[in-house]
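Novice: One-letter residues, chain by chain:
2 protein chains.
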Amino acid sequence: MREANAPESPRTRRDLLAMIGTVAGAAVMYEAMTSLGHAAQSTYRGPIRLEGDARGASVLILGAGLTGLVAAIELRKAGYKVEVLEYQNRAGGRCWTIRGGDTYTELGGATQRCAFDRGLYFNPGPWRIPYNHSAILDYCRRYGVALEPFVQVNHNAWLHNTHAFGGKPQRFREVQADFIGHTSELLAKVARQDRLDGEVTRDDREALLAALQRWGALDRDYAYRESLLTSERRGFARDPGGGPDGAPKLAGPLDMRELMRSGLWRYLANGMLYEFQTTMFQPVGGMDMIAQALFHALGPEVVRFGRKVTEIGQSESGVTVAHVDARQGGEPLTSGADWCLCTIPLTVLSQTKMAVGPRMRAAIDAISYDASAKVGLQFRRRFWEEDEAIFGGVSYTDLPISQISYPSSGFLSGGKGVLLGAYPYGGVHAYELTALPPEERVRRAVEWGAQLHPRQYREEFETGISVGWHRVPWALGCAGHWTGALRDEHYADLCAMDGRLLLAGEHASHLPAWQEGAILSSLDAVSRLHRRVVGG
Amino acid sequence: MREANAPESPRTRRDLLAMIGTVAGAAVMYEAMTSLGHAAQSTYRGPIRLEGDARGASVLILGAGLTGLVAAIELRKAGYKVEVLEYQNRAGGRCWTIRGGDTYTELGGATQRCAFDRGLYFNPGPWRIPYNHSAILDYCRRYGVALEPFVQVNHNAWLHNTHAFGGKPQRFREVQADFIGHTSELLAKVARQDRLDGEVTRDDREALLAALQRWGALDRDYAYRESLLTSERRGFARDPGGGPDGAPKLAGPLDMRELMRSGLWRYLANGMLYEFQTTMFQPVGGMDMIAQALFHALGPEVVRFGRKVTEIGQSESGVTVAHVDARQGGEPLTSGADWCLCTIPLTVLSQTKMAVGPRMRAAIDAISYDASAKVGLQFRRRFWEEDEAIFGGVSYTDLPISQISYPSSGFLSGGKGVLLGAYPYGGVHAYELTALPPEERVRRAVEWGAQLHPRQYREEFETGISVGWHRVPWALGCAGHWTGALRDEHYADLCAMDGRLLLAGEHASHLPAWQEGAILSSLDAVSRLHRRVVGG
Numbered sequence: 001m002r003e004a005n006a007p008e009s010p011r012t013r014r015d016l017l018a019m020i021g022t023v024a025g026a027a028v029m030y031e032a033m034t035s036l037g038h039a040a041q042s043t044y045r046g047p048i049r050l051e052g053d054a055r056g057a058s059v060l061i062l063g064a065g066l067t068g069l070v071a072a073i074e075l076r077k078a079g080y081k082v083e084v085l086e087y088q089n090r091a092g093g094r095c096w097t098i099r100g101g102d103t104y105t106e107l108g109g110a111t112q113r114c115a116f117d118r119g120l121y122f123n124p125g126p127w128r129i130p131y132n133h134s135a136i137l138d139y140c141r142r143y144g145v146a147l148e149p150f151v152q153v154n155h156n157a158w159l160h161n162t163h164a165f166g167g168k169p170q171r172f173r174e175v176q177a178d179f180i181g182h183t184s185e186l187l188a189k190v191a192r193q194d195r196l197d198g199e200v201t202r203d204d205r206e207a208l209l210a211a212l213q214r215w216g217a218l219d220r221d222y223a224y225r226e227s228l229l230t231s232e233r234r235g236f237a238r239d240p241g242g243g244p245d246g247a248p249k250l251a252g253p254l255d256m257r258e259l260m261r262s263g264l265w266r267y268l269a270n271g272m273l274y275e276f277q278t279t280m281f282q283p284v285g286g287m288d289m290i291a292q293a294l295f296h297a298l299g300p301e302v303v304r305f306g307r308k309v310t311e312i313g314q315s316e317s318g319v320t321v322a323h324v325d326a327r328q329g330g331e332p333l334t335s336g337a338d339w340c341l342c343t344i345p346l347t348v349l350s351q352t353k354m355a356v357g358p359r360m361r362a363a364i365d366a367i368s369y370d371a372s373a374k375v376g377l378q379f380r381r382r383f384w385e386e387d388e389a390i391f392g393g394v395s396y397t398d399l400p401i402s403q404i405s406y407p408s409s410g411f412l413s414g415g416k417g418v419l420l421g422a423y424p425y426g427g428v429h430a431y432e433l434t435a436l437p438p439e440e441r442v443r444r445a446v447e448w449g450a451q452l453h454p455r456q457y458r459e460e461f462e463t464g465i466s467v468g469w470h471r472v473p474w475a476l477g478c479a480g481h482w483t484g485a486l487r488d489e490h491y492a493d494l495c496a497m498d499g500r501l502l503l504a505g506e507h508a509s510h511l512p513a514w515q516e517g518a519i520l521s522s523l524d525a526v527s528r529l530h531r532r533v534v535g536g
Numbered sequence: 001m002r003e004a005n006a007p008e009s010p011r012t013r014r015d016l017l018a019m020i021g022t023v024a025g026a027a028v029m030y031e032a033m034t035s036l037g038h039a040a041q042s043t044y045r046g047p048i049r050l051e052g053d054a055r056g057a058s059v060l061i062l063g064a065g066l067t068g069l070v071a072a073i074e075l076r077k078a079g080y081k082v083e084v085l086e087y088q089n090r091a092g093g094r095c096w097t098i099r100g101g102d103t104y105t106e107l108g109g110a111t112q113r114c115a116f117d118r119g120l121y122f123n124p125g126p127w128r129i130p131y132n133h134s135a136i137l138d139y140c141r142r143y144g145v146a147l148e149p150f151v152q153v154n155h156n157a158w159l160h161n162t163h164a165f166g167g168k169p170q171r172f173r174e175v176q177a178d179f180i181g182h183t184s185e186l187l188a189k190v191a192r193q194d195r196l197d198g199e200v201t202r203d204d205r206e207a208l209l210a211a212l213q214r215w216g217a218l219d220r221d222y223a224y225r226e227s228l229l230t231s232e233r234r235g236f237a238r239d240p241g242g243g244p245d246g247a248p249k250l251a252g253p254l255d256m257r258e259l260m261r262s263g264l265w266r267y268l269a270n271g272m273l274y275e276f277q278t279t280m281f282q283p284v285g286g287m288d289m290i291a292q293a294l295f296h297a298l299g300p301e302v303v304r305f306g307r308k309v310t311e312i313g314q315s316e317s318g319v320t321v322a323h324v325d326a327r328q329g330g331e332p333l334t335s336g337a338d339w340c341l342c343t344i345p346l347t348v349l350s351q352t353k354m355a356v357g358p359r360m361r362a363a364i365d366a367i368s369y370d371a372s373a374k375v376g377l378q379f380r381r382r383f384w385e386e387d388e389a390i391f392g393g394v395s396y397t398d399l400p401i402s403q404i405s406y407p408s409s410g411f412l413s414g415g416k417g418v419l420l421g422a423y424p425y426g427g428v429h430a431y432e433l434t435a436l437p438p439e440e441r442v443r444r445a446v447e448w449g450a451q452l453h454p455r456q457y458r459e460e461f462e463t464g465i466s467v468g469w470h471r472v473p474w475a476l477g478c479a480g481h482w483t484g485a486l487r488d489e490h491y492a493d494l495c496a497m498d499g500r501l502l503l504a505g506e507h508a509s510h511l512p513a514w515q516e517g518a519i520l521s522s523l524d525a526v527s528r529l530h531r532r533v534v535g536g
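Chains as they are written, first to last, in full-length UniProt numbering: chain W, 1 to 536; chain Z, 1 to 536.
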């Protein structure tokens, strides 16, 4: 079977492993792979070690988001003098949680005061952590941030298209089971009628048929139809019960044609994306628990809050940054250091005077930021759990709200709850929602969401809050938007050190819009800076 | 489009709903469906109400598992005099958690003393609760049992076949992505070559192709091949990182032939089964938290522990049950009552003298119990999280251990951990494992599991414990095994009231082997008993 699995081009390590495998058997081979580091995939290799003497060098860090906090912590540990300038009056940047009593003023001046009940919260920015984001998970572990599972996929949540199935939402499990069942039946039919000739050998055909039967819940005749077998995937019209009258009632599959035309299949693979696969996490109590833990570890005296950077200058001997009071403006102060690590979003930076070369400038100006908006809604009771047995996860819709996500904690706790009532990302709906006044975003999120939860949305809604990211004064957008072409042209220039200054953040990573990208970029930047200092 | 979705036979309610839909639009229609109770599927309708005067009638309940505890609580509330006889010295039956310091003596006399560290535990019986098991979830809610998510599917766990891929385990996400990708490519190819004629119209073909492209991560040419797109499903050879050197390295798909022949696809749909779908739960701290909460609510004085039932008699006026000391035997005592609810497993009951008619007797004797065995293993550290980024979920193998399940709580907490090191269910491996002495089960579980985690299983294992269910003295098997034929012949007789006695338990439900079946059977039985008392 080796030729069937041979890589297209020879790879030294693979060849070596194949050889071990031939000689010593599979278990030894696998052990060898593990010890060769083949099984590990993250670029994160554990706590960073900055060896060598920093000789008292100073670094001015712009921005106290995760990128800036991590950099400040690691550089301080390595012996640097560190100062952080932050526009807001809190650390964390987009790692942000809104709770009852918090106020937020967006671009244009509209101020919202959050009226959530005690204990309830809403993450306007990042809200989940993939298992393969090793760096942020390790920072959580090392700094004592408790994590709990975040539920991405919920088989009992809804998939909704206003133009399909008469506008009635369908259960995820029904769409999933029926899509897999119908397509498996179709492929099995073709295979059995020998219409796969040329694609699959006769022997392999039998293996394929066995696989399709199992995968698709097909019956003995390779048909996908109403049966106990298919109800065990899609669910029942009445669930199995106890005693003499406990027999379940079956429910027939959705019509294949209508299912295909509904477009609801577009949501099925979401949970199979590398970054949405199980098991995802969230910090207990809100995403900003991470920022708070890092800020606490750094020490509050290192960060200067409420400072807006107006100009970044540099010479051969150091950097000078001018900054004003973020609210009142007024006369600028200046901060100086040997080096500058700038984590300010590119949207803001493209409007800031900076002494950098034309290539970095071009890179900064080239990257637009994705639009996105979120609405958090508080309801009188957790009706999604009590009435509909939906515990966490996401309902998707073609309405401008895009999705409704139910909280991943406090299951069955009774009382009130906050769900994510809208989260369009990219695309026109995100811009449209951002363009509305905050209270109008909330009002519409309730109106649209009522198409999925009609009675409860109308009867149980209490209060909401919304954030449109292009109107966040210190971010002016959600996250850096890279295309392949932009990356080819500008990414190296954006990441390259320019004199005594370098940039870091999710925008300077191959994981844009993820906190992991911010941290990995931060670790990369401080490593390069340190090499320059120690080596130069 | 209506004809395409029409049910095979007309159903009054559906017709009514279709009419509402036509006249008033989709949102109204859906609201009507909700209020007609169409959206809810469980047979559980909230807390049971036993109305009418029980007139001081007494009920003797045999067995203090979940079935007996629930019955005792509800009957007491309704005014009955209740006594419970229990073989063991604890309540809960198969709802059972073993912790450090616990001892367990199996049939044949072998005694194990659990040496787990403080805070670690192992559930030999039920260990997870589906979201659609409304009755047990409601009992947890009402009696204050804290629940947390149970992770069933883990995309980063292993699928393993000793005879495939040289014995090397494959990541779930790779097998899943590649299976879906390859089969989608195959079906798309056939569709594009017009070999689907007769199955799908030309118009529908376009919808099918669009769906397959999205679902299968196919490229513009409908091919599944190494790309950023497919790596976003199956994972990378090196993950995306930060800074100038952060570009990911791609990893090519598994060969389709080898994948089909490997049989690893057999595990892919497990998490799509109605009872294994997201979001599943487990009680915080161990499954027996449920039994403890119910026992506490009932009051300890109601249960008489350590009593083995030797004979169940009945007359027209009442029931008489003889029972001896479970350890020492000796002279029997007798307990009397007006009615008897017997929750003793059928395996035990078939060896017990009972004054019941031939039909119930035949039913009791006809049902065999599934075999299953579990092994819990404590390791020095949670290597599956630290080394392999596996957080909860299940690795599957064709080895006799069947699966390894990683704990769903305490993520990234460091320190020691207990995983489920073997759990064959039904089939020959379950019998074989049960037949071995306890310490041998543990030894082999470690040996076999080392094929999935070679280095860590050998270096980090500390202590284990095992339960083979056919050797559990008070259960003599795992759970009632029903076939369609057995159900047709015996189920009604098993559930029917025989004079003043009736049976209840998971075996008297359409949800065998689930706690939900036990509770629904219990509620059904007490309802019928109460109707008889009140009505007669």
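Think of the hints as simulated: they come from the structure by calculation, not from any bench.
For glycine and all other residues, C-beta sits at the position ideal for the given N, C-alpha and C.
Check before you lean on any hint, since a few could be wrong.
Simulated coverage check for chain Z against chain W, where a stretch passes if three residues somewhere in it have a Cβ under 8 Å from a Cβ of chain W [what the hints assert, rightly or not]: (1) 54–64; (2) 205–213; (3) 252–261; (4) 301–315; (5) 328–341; (6) 424–432; (7) 491–502.
Novice: When the structure is checked against the list of hints, which entries are broken? Sort them ascending.
Specialist: Failing hints, ascending: 1, 4, 5, 6.
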